[in-house]
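All chains, full assembly: derive it from the sequences and hints.
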Amino acid sequence: MSPPSKALAEFVAEATEILEALGKDLLVLDERRGQEADPERVNGIFRAAHSLKGLAGLFGQERISRLAHGTEDLLDRLRLGKLHLNDAVLDTLIEALDAFQALLAETARGTESDGLTRRADGMAERLGQLGEVPVAQDEDPLERLELEAQVRSVFTEYEEHRLRENVRRGVALWRVRAAFDLSDFDKGLADLNTRLKPLGEVISTLPSAQPGGAHGIAFDLIFGAQVSRMELESGLKGTPAELSPLAVRPAAPSATTRSAEALVRATESPAIVLGAIGVASAPEASVGGSTPVKTGGSKQGARAAMEDGASHPFTDPDSDTELGETGGSAEATGTSGPSLVTYLQGPGGRAPGRAVTPVAAPPVATEPSLRSLTQTVRVDIGKLDGLINMVGELLLIKASLQRLAESARQEGVVPLSKLFGQELARETRGLERKLEALQEGLLEARMVPVGQVFDKLARLVRRITREAGKEIDFVIGGGEVELDKLIVEELSDPLMHLIRNAIDHGVESPDTRLAAGKPRRAVVALRAEQKGNHVVIEVSDDGAGIDELRVREVALTRGLITFAQAEEMGRRELLNLIFLPGFSTARSVSELSGRGVGLDVVKNNLGNLSGIIDVWSERGKGTAFHLTLPVTLAIIRALVVGVSARTYAVPLNSVLEILSVQPREIRTLERREVLDVRGQTLPFVRLSRLFGLPERPVSRYFVVVVGLAQERLGIAVDELHGQQDIVTKPLGGRLQSVRGISGATDLGNRRPVLVLDVADLLEEGLALERRRA
Amino acid sequence: MSRFAELLDDFFFRPDEDVSGLQDFAAGSDGVASSTPEEVPEEYLSFLLEGESYAVPIRLVREISKVPPLTEIPRAEPHLLGVMNLRGELLPAYDIKVRLGLTERVPLVAGPDAPAPPRDARVLVLRTETGPAGVWVDSVSGVVKLKPSMLEPPPPGLRLGDKDCVVGIGRRGPSLYILLDPEQALTP
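Residue numbers (the numbering used here), protein chains in the order written: chain C, 2 to 774; chain V, 2 to 189.
These aren't lab readings, by the way, just hints derived from the structure by calculation. Using N, Cα and C, we set each Cβ at its ideal position, and we do this for glycine too. Treat the hints with care, as some may be off.
Stated by the list, open to error - Not everything, but these chain V residues come out facing chain C in the computed CB check (under 10 Å):
id	residue
1	P69
2	P70
3	L71
4	T72
5	G83
6	N86
7	G132
8	A134
Claimed, not checked - Footprint (simulated), chain C over chain V, 3 or more residues, beta carbon under 8 Å:
id	segment
9	73 to 79
10	107 to 116
See below:
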């Protein structure tokens, strides 16, 4: 294959995005197994598969296109209710997603392996064969709906299916009629749709039979409401919408046999109903007793013709049902639903003899990397506009500077005037400010939701769970929290390690859980939360917890700690031993984890991101890891503190809390100073002593508790001056060897303010403690 | 200095007002031909430290700055006065008086307890192998052009530190300049 070109890179980026969306929706379906699937979501997945097929076809990626085709076909049957969403179908879909990822990875590398091609084609074939026919219904619920036949006739197959589902479930159906001015009806309609969405399901949008005035256009929205009339009315306040209920006749068991035959016909091929309107609709209408039908008789032909062609552009401003539209026109021209499906499947796609194929997970040889295939970041165009504006202002400054340079050159050796110097200084200051703003804007553009990596992990969890023979509910929360793209990318490996640990070591087998009186299915949760200017990510399980005595035993036998040290350690300190390199409590090295690398890798990776990791565990209840990360690495928020009249800045991302401490509360333990914080002993240093500054008597200290990875240290300062965003400049050059200072910043008064190097101070403070102890 | 003297200050002779051309012209008019007329003079920046005249090659001086607020670096080498912010750039400022044996102790110039710097004090930003470094001087005297013939090796027995940070003596008319090697002077 040719090496990856720019066009190909674009394809990979776009396909990755589609797969991400697809994966997200599949995940939701996966989480809600056993419940009724959200039709919007199934439709969303269908659309994603459809776009992927189109995209792959456009770029000549036949393997992806073929598989996408199979997936799309399966999803089409699913959304039309021809196929029931069961576990086998869902598993196959998720497997298909994995196959897409693998195909895309190969495409990105510019390779094509036969094994994968066979796997993908085999899967496409299996997708076509998959499915079970839904149980035949006694009565078509649509028959119970009092809706004009000519309205019904223009529904697409999908819309009809949705309407039927809604009637069957007894959802209150409404006709929402709204007239808009022709000039901005698209906006008005979109607005109406946004308002309706949270209140229920917009089943269909049709041009209304009632004219909307000379310059207007009116629409009928068929709406299945999840809320009461009152709520619906208040939700639509301010829109031109008028509500009228669509009456539904209660289900009549006696009618079942009478109309069964006709119903089966209607379900199978709505096109026949359409064709038979003139004949069949009259008795139906009389049963329904709907008035417009009588007056509509003469208009019927014209209206049907109009809707056949003209209605489609207006049908859905969101272009929600692209393929549904094609389906609709296919019906109108007399093609029945099933034949459309056959067409989509391609020749030889269907083998009805083997309707349901049990899904056997093919062994996956290599572990797919969780890192993104592309380095793309999606940026809101508004942000980019802001950046462009800034560049424009920079160009203006450049022009001024050029002018100054020119005048300086012409004056030559003549000493330059004072005014010139002032002007130059002013322009330079302006340049500096603009550059700072530009930097800030660019940093903001780098932010991506952390959910990107969560979704990838969720798919991995399914596989790990299967391999480990455990039953797990994987819960995700806070995926919308934003972090620097770089941090998000670097997070995937540590999180993967933690989740594997949770599944492999944390969670017990189903039988053990039952014996312990816990529910059979375990819960592993991954949650992100923004807390001020850092993000906390929690990986937790409700498994057996960490056995600290076993941790102690292992640490002793491996020589990681001495016996004397072990004697002194509390439960928390023992738990923290699991972060030491070469530590693993797994009695048998499993396929998944327990190779003794893992937590120390996690700790290292997090340390590189200025992150903190903390572990909580209770035996029998579970384990939780808390990862605290800065939102971004370049501009940081700092706590400004005062010691002996000097000012220092402490990066806030490593500050855990601030305590106010009276001098008498400082205790001495074996000649080292410690604090007792909520029952835990906190190592403590006075910054003035550590830095050799003249100490001043104070009535109380502020103790800034800093932490990096699982270490903690209290740093006593005299004053707190508040928080500020700072850009740290490294001391660099000749000052690299200075301990405890990572750089300096300017707080606006020209005097450099030193930024404390928390990692350095922690190490120093704890080394000091160890030496003394 | 009285206010009156201050007013007159501008009219006094400043060593950096270069008159060497005139002097050369005058020297030539004596009829004594210069032995090496083609030798190229090098420019030196001369400055005062505790009343003594020192000079460094001007190509090593990036700029001369008034003394900005300095921030002391805790636990750094004693001759590091602190860091300063020069138009957003972070620079270390050093003392070389102790190194040269001019004072016993590094003066307190950084931090909150330091007095305001003297009016004439300046920081020379020097180019060194490990990046720019500021050097505190009591005042800047000016630029002197010194020809190779005006340079003398450092006299033995001159009050010196352990290492040779003095590379020679420049003699120009009645003035003597102690020529420094900044790289050496900044080595603790």
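(request) Just pull the numbers of the violated hints for me, sorted ascending. (result) Nothing - there is no hint that the structure violates, so all of them hold.
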